[in-house]
Each structure stands twice: as structure tokens, then as C-alpha cells.
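*Asks:* As they're listed, the protein sequences go chains A and B.
Numbered per my numbering, the first sequence spans residues 201 to 567.
Numbered per my numbering, the second sequence spans residues 48 to 402.
Worth flagging that the hints you see were computed from the coordinates, not collected in a lab.
Fair warning: this is a prediction, and the values are worked out from it, not measured in the lab.
We put the CB at the ideal spot given by N, CA and C, even for glycine.
You may find that some hints are simply not true.
In the SDA-like style, the derived pairs of lysine to any residue whose C-alpha atoms are separated by at most 20 Å in a straight line are [what the hints assert, rightly or not]:
#1 B/K210 x A/P240
#2 B/K210 x A/D231
#3 B/K210 x A/A399
#4 B/K210 x A/L330
#5 B/K210 x A/M230
#6 B/K210 x A/V211
#7 A/K402 x B/G307
#8 B/K108 x A/M230
#9 B/K210 x A/F209
#10 B/K379 x A/P395
#11 B/K379 x A/A237
#12 A/K234 x B/A299
#13 B/K396 x B/P266
#14 B/K210 x A/R225
#15 B/K108 x A/Y326
#16 B/K210 x A/E239
#17 B/K210 x A/N212
#18 B/K210 x A/E208
#19 A/K234 x B/M374
#20 B/K379 x A/I396
#21 B/K210 x A/K402
#22 A/K383 x B/I113
#23 A/K383 x B/H112
#24 B/K210 x A/V546
#25 A/K234 x B/K396
#26 B/K210 x A/L547
#27 B/K210 x A/P215
#28 A/K402 x B/M374
#29 A/K234 x B/V298
#30 A/K383 x B/F340
#31 B/K210 x A/E207
#32 A/K234 x B/A221
#33 A/K234 x B/H112
#34 B/K210 x A/V236
Every beta carbon over 12 Å from chain B, so not counted as near; a handful from chain A, in silico [said to hold, decoys possible]:
#35 I249
#36 R256
#37 E370
#38 R400
#39 P436
#40 I548
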Amino acid sequence: MAELRTEEFQVNMGPHHPSTHGVCRLVLTMDGEKVVAVEPVIGYLHRAIEKICENRTYPQCSPMMDRFEYVTAMSSDYVYALAVEKLAQLEVPERAEYLRVIMLELNRIASHLIFWGVTAMDIGAYTPFLYGLREREDIIDLFEMTCGQRLTYNYIRIGGVSRDIPKEFEPKCRAFIKKLRGKFSDYEGLLNENPIWLARTKGIGVLTPETAISYGASGPVLRASGIDYDLRRDDPYSIYDKFDFAIPTQKTGDCYDRFIQRLDEMKESLKIIEQALDGLPEGEIKAKVKPKFKPPEGEVYSRIESARGEMGAYVRSDGTTKPVRVKLRGSSYNHLALVPEICTDVLIADLVAIFATLDIIMPEVDR
Amino acid sequence: MSCTVIAFGELHGIFAWLHELPVSIGLPDSVQAVVMYAALGVTVFSVLSLFALFLVWWERKIAAHIQQRFGPMRVGWHGWYQTVMDALKLLQKEDIRIETRDKVVFFWAPVVCFVAAFLAYVVMPFGKGLIVADLNIGILYIMAVTTFTVIALLMAGWGSNNKYALLGGMRSAAQVVSYEIPMVVSLLTIIIYVGSLSMVDIVESQSGWFFNWFIFRVPFGPIAFVTYIIAAIAEANRTPFDIPEAEQELVAGYNIEYSGMKFAMFFLAEFVNMFTVSAIAATVFLGGWNGPFLPSWVWFMGKTLTVVLLLMLVRWTYPRLRVDQLMEFAWKFLVPVTFANLILAGVLKYLGYWE
Numbered sequence: 201m202a203e204l205r206t207e208e209f210q211v212n213m214g215p216h217h218p219s220t221h222g223v224c225r226l227v228l229t230m231d232g233e234k235v236v237a238v239e240p241v242i243g244y245l246h247r248a249i250e251k252i253c254e255n256r257t258y259p260q261c262s263p264m265m266d267r268f269e270y271v272t273a274m275s276s277d278y279v280y281a282l283a284v285e286k287l288a289q290l291e292v293p294e295r296a297e298y299l300r301v302i303m304l305e306l307n308r309i310a311s312h313l314i315f316w317g318v319t320a321m322d323i324g325a326y327t328p329f330l331y332g333l334r335e336r337e338d339i340i341d342l343f344e345m346t347c348g349q350r351l352t353y354n355y356i357r358i359g360g361v362s363r364d365i366p367k368e369f370e371p372k373c374r375a376f377i378k379k380l381r382g383k384f385s386d387y388e389g390l391l392n393e394n395p396i397w398l399a400r401t402k403g404i405g406v407l408t409p410e411t412a413i414s415y416g417a418s419g420p421v422l423r424a425s426g427i428d429y430d431l432r433r434d435d436p437y438s439i440y441d442k443f444d445f446a447i448p449t450q451k452t453g454d455c456y457d458r459f460i461q462r463l464d465e466m467k468e469s470l471k472i473i474e475q476a477l478d479g480l481p482e483g484e485i486k487a488k489v490k491p492k493f494k495p496p497e498g499e500v501y502s503r504i505e506s507a508r509g510e511m512g513a514y515v516r517s518d519g520t521t522k523p524v525r526v527k528l529r530g531s532s533y534n535h536l537a538l539v540p541e542i543c544t545d546v547l548i549a550d551l552v553a554i555f556a557t558l559d560i561i562m563p564e565v566d567r
Numbered sequence: 048m049s050c051t052v053i054a055f056g057e058l059h060g061i062f063a064w065l066h067e068l069p070v071s072i073g074l075p076d077s078v079q080a081v082v083m084y085a086a087l088g089v090t091v092f093s094v095l096s097l098f099a100l101f102l103v104w105w106e107r108k109i110a111a112h113i114q115q116r117f118g119p120m121r122v123g124w125h126g127w128y129q130t131v132m133d134a135l136k137l138l139q140k141e142d143i144r145i146e147t148r149d150k151v152v153f154f155w156a157p158v159v160c161f162v163a164a165f166l167a168y169v170v171m172p173f174g175k176g177l178i179v180a181d182l183n184i185g186i187l188y189i190m191a192v193t194t195f196t197v198i199a200l201l202m203a204g205w206g207s208n209n210k211y212a213l214l215g216g217m218r219s220a221a222q223v224v225s226y227e228i229p230m231v232v233s234l235l236t237i238i239i240y241v242g243s244l245s246m247v248d249i250v251e252s253q254s255g256w257f258f259n260w261f262i263f264r265v266p267f268g269p270i271a272f273v274t275y276i277i278a279a280i281a282e283a284n285r286t287p288f289d290i291p292e293a294e295q296e297l298v299a300g301y302n303i304e305y306s307g308m309k310f311a312m313f314f315l316a317e318f319v320n321m322f323t324v325s326a327i328a329a330t331v332f333l334g335g336w337n338g339p340f341l342p343s344w345v346w347f348m349g350k351t352l353t354v355v356l357l358l359m360l361v362r363w364t365y366p367r368l369r370v371d372q373l374m375e376f377a378w379k380f381l382v383p384v385t386f387a388n389l390i391l392a393g394v395l396k397y398l399g400y401w402e
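Extracted from the complex, chain A is given alone in its bound form (with noise of 0.2 Å):
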């Protein structure tokens, strides 16, 4: 019989397809249903912010970081401001610290919740998107309440936060914790043990500890392959070392223990709001902090750990009302370029639930 003959090709994924989260483009050179390489091409989301901000003063680079990264742009908005207060040494009221602390875990919760949906869907489940969605919806709504946003808060400032808790949000978000705690167990009867959920993500797109540190993973890519790394218990900030709180890891790095990782790490969020909440000190929520704001001349580096991972930003003065450079850090810039690394010889339905679970966001590629 004669030999058939076979040959590769290419398929361009994105910039606009379903399962990219965004506009990545993903250059996939395929043999078959079988991926043999990935080439990601990144660049289609890029708004100049790190320059943009050169132009701005201290104070008005503060709305451009909710675009930075948008899912939780709580945790953009908190990086900023922290290498700000860093640089001009600035002392920020508790009771700022505490509602920081309270919309940082609820924006964490918030961004994984959206990533619990998105990897089910990607992974053909089209009913825990809306679920998940559904819970998210009660976070956006107390963040409504608090800065009259939904996703772009702007509510972390340089110096402490735009305003106070309205009376009713802490029994709405105890509310919630409590309703959530409830959700826990309708999510994990969902997947956790779905045969086919099993079959899709168990094995698939194994991470190990050694590639993860070598490429910079961070966050719960990094501790769902076995490392117990965490920013917000090894480099403390705000008054994250006042809480009670575990890191959870997984053990084999792959795209079933990420997606537990962070079901895992929700339930500790919930800890940590209920005990800010518990102990929400009276008083100021803002430093003074002047329109024409000069920070000293120098240079700082703050980082946090956002829902995704290490987030950094890196800002420079040069004494004046404007920053010389500012320069920021997304984790997910670090995981796209796992994609490469561990979706070799995938199947093209593999390399969705990878690229899911890594959960990648362009904004925060891209900048």
C-alpha cells in the first residue's frame, strides 16, 4: 500500500476566538487534531498605559491601572497606590487598610469565580458560567454600593480608599459569605467528580515545580503545582499578617489541581473578609494627599499577590508632580509563556482547558 501522505499546518487561534480570553493570538502548528507547537502572538491590547502615565500626575494615573488589569481591578488600583505610599512614605488609616483588605479578597473572589465559570465552559460546560456569574453578580453589587462601579472601581486611592462603606454593606456581605459558603458544595457537585470533567483535566498540561519557577509562575498556577508560595504571608502587605488565614497547594501541577486551587482559595478569602470584617476599626479612610502631590525623587517596587498572581509595579520619581516611569508586572505575561512550554503534543481540546486554567487575561499581557 502505497504511504499516505501527511503534513502539518497552521491555524491561527485568535485573535478573535472563543476560548482565548481576549484577543491573544495564538499561531498553532498542528498535525492533525494533535498540537506540535504554539506560538503566542501578543500586542492586540496594548493601550500604552506605562507610557500614558508619564503624562499624568500621581493622582491621575489612578483610573488608567482599573484598565491595567480589569477582572480585578481592585488589585490593580491597591499596587499602584501601595508603590506610591511606598515612594512618599505615606501612612495610610486602618480603617483604609481594612476596607482594602475587605475589597481585595471580594474582587479575588469575584475574579475566580468568573475563571471557575469560563474553564467549565471552555471545557464544554455551559451552565457554571451562569452560575458563576450569578454570585459574582452580588460582589459587583456591593462594590456598586461602596464606589458606584462595576468593574473599573477606581475606589483604591494613593492614601487610602475614595469613600466609606455605605451601613448596609457589611450585613450584605455577611450575607453573601454565608450564601457562598452554601454555593461550595452545589459547585464541587457539579465537576469536582464528573467523570468527563475527570477525563478532561486530571493529567492534562502538568506543570512542574521546577518549569513554574524557572518561567516565573506566580499565584495559584505556581501553588497548584506543590509550592507554598504566597505574597500576602511571605512579603506581607497592608495588614495581611493580622489575618488567620492557610495557603492552600495541590500536588501535581495540572489542569484539575489549578482548577481546585482555586476553589480552595475562595473559601480562605471568605476567612479573611469575615475577620476584617470583625475587626473594621472606626475612624479616617484617607490620608491628605494633595492634587499637585510630589512624592520625593527616587524609585520603588511594590508587589501583591492579585487573583492571578505576583502583580508589580514599579514607579520612578524624579521629585515632580509626575512620575518618570512607570513600569507594571501582570503574572499573566509570565503564564502565556508556559503555553509554549507545556502544550507540546496536545490534543487542540487540551491546549483550551491549559490556556484556561492558566487563566490569562490579555489586558494584563498586554497593557
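Got chain A sorted already, so can you dock chain B onto it with the hints?
*Replies:* Frame of chain A; chain B shown alone:
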């Protein structure tokens, strides 16, 4: 050629009139048969098209309620004619044809798909006497014509000259061919008890109360039913076996380049196929039109829609299998199980258990 259909339920009067018309104006007998079949074809086609539109709406509502939303609400009571409007919109849309397509194959793919979806209804017993033609090879005929769909999907995948479409077409070919076997063997398990391939005979051998239905009456009936349903979901290209059009992987699979009415034809054919596999399940396993008090066609529709509901619930609950897992499941699990089931059922029948 003679017309087998005489008693067609309440439509009897119209059909009797049509039956007499060519003769009364002095045309030959062959014309009479053509007129009759044309009339029947139009009837079945329009009823099923409407039913497909209803199923689209129903699926959207069920999905919406599973997901705690409302679904279509604006167009009529609970959006009941939303899909009619959608179909009208698709009719008006520009038919986008890419330059690099294979002209003939691209054009004929939706036609073949649409026609193949409706062919099965020639032998479908909608009720007592409500059947277009009671072929003595009924179920074999259905199995043969529903497989045409795979040719259409391959044509669409090839003719579109698009890599996603091609992957979708190849996937569907592999899938439908693999799942055809457990599907047919599951049905054979029942047919060896009936001793006839005619759909009417199959239904009539289940007359009486529900314990006469084959799912309950024969040994291994429940197993055959479950394997049939699994294979049927794969045949109808629905989650968890919807890999030919897996949105998150292949965007839309084989129908990615189709727009307007051509897309609508694929879309409606998919829902007609779902109705077909459910109707076969209702006929072969659940007693078809048999049932007390209510008219026979109500029982048939009720049973079929129950199976459709089952397929919809599965679709909106489960994740999707991967393409290799899908094949493994068919060849390593479903085919051995159905064959073992068939052999055991045959042995029991031979030994004289169960009439």
C-alpha cells in the same frame, strides 16, 4: 406504485379528496401516486419544520431555566415566536460565500444535510395509521438515511476551505461512523424479539400497558435503551459528544463559513436529527403510540418530547469529551457492551425465554 396511506388521522378527508382528484379529472394512476406523496411530503415537512423551530425555542428556555435566567421573553408570550423571527432574519441575511470555496460541494452540503434529516420521517409512525409508508425494512431504512448527515458534514467541512471547518468535518465523520455501530446493535437487541424491521410491527408488538414496552419487557432492554441513548446523543452531535462543532475549540466546526439560510438549514437539521433519534427511542423502547385514553399521536409526541428533554438536560449539565476519549468510549466500551447485550438477548430468545 400504490399508495399505502389511506387513514391519515383527522387529515383523512383532505387526503381522500387529493386521492380522488387526479382520477376524477382523468389523469393516469401514476399521477395519483405522485400527487399523494407530494401532499404527504409537504405535510410532514411543514409539521417538522415547525417542530424544529419549537424545539429551538424549547431548548433555549430549558437551558435558560437551568442557568437561572429567562431566555427569550420579548417576542410573544415567553418569546414563543422568537425562533420564527430568527428564521425570518436568517432568510433575509446576505449569503456570504468565500472566494476559495469548492463551489459545488459548498452549495450542496446544507441541502444534503437538510434533506437527510427529513428522510427518516417517511417511516416514522406518528400515531395509529399516521405513517407515510410502512416499509418492511423501516428501521434499517432510518439507520441508512440518517447516516447521510455525515456526508453533508464532510462536504461542508471540505467545501468551506477552512481549517476549523475541515477539522469539524473530519471529527463528525469519525464520530458518526463509530457511534452508528452501538446504535444499530442496541436497536437489534429489540428487533430480534419483534422479528420484523417494520416500524408499525415494532409498535404493535408493544401494545397494552407500559410493562409491555420493550424497555421493561425484555431482559437487557434497559441496558439497550441506555446504550442507544448514549449513541443517539453522539449521532445528534450534542454535548457531551458535540466535538464536531465544539465552540471553544473549533469556533463552530463545519458550519463556520455558512451564513444566512444555509446556516439555518444546518441548524434546523440538527434539531430535526435530535427529534429523530428521540422518536426512534420512543418507538422502539417506549411503546411508540401505545397508551390509554389519549389519542395515539399525543402519546407518541409525549414520549418523544420526554426523550428530547432528557437529551437537553444532559447537554446543559455535562462537559465535553475530548476527541480521542470519544473514540475510546465508543470502541472500547460501548461496542463491546452492546454486542454482549445482543448476544445474551439472542441466546435467551433462542432458549425460548420471553416471547
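*Asks:* Broken hints, numbered, in rising order?
*Replies:* Violated hints (numbers, rising): 3, 4, 7, 8, 11, 21, 25, 30, 33, 38, 40; every other hint is consistent with the structure.
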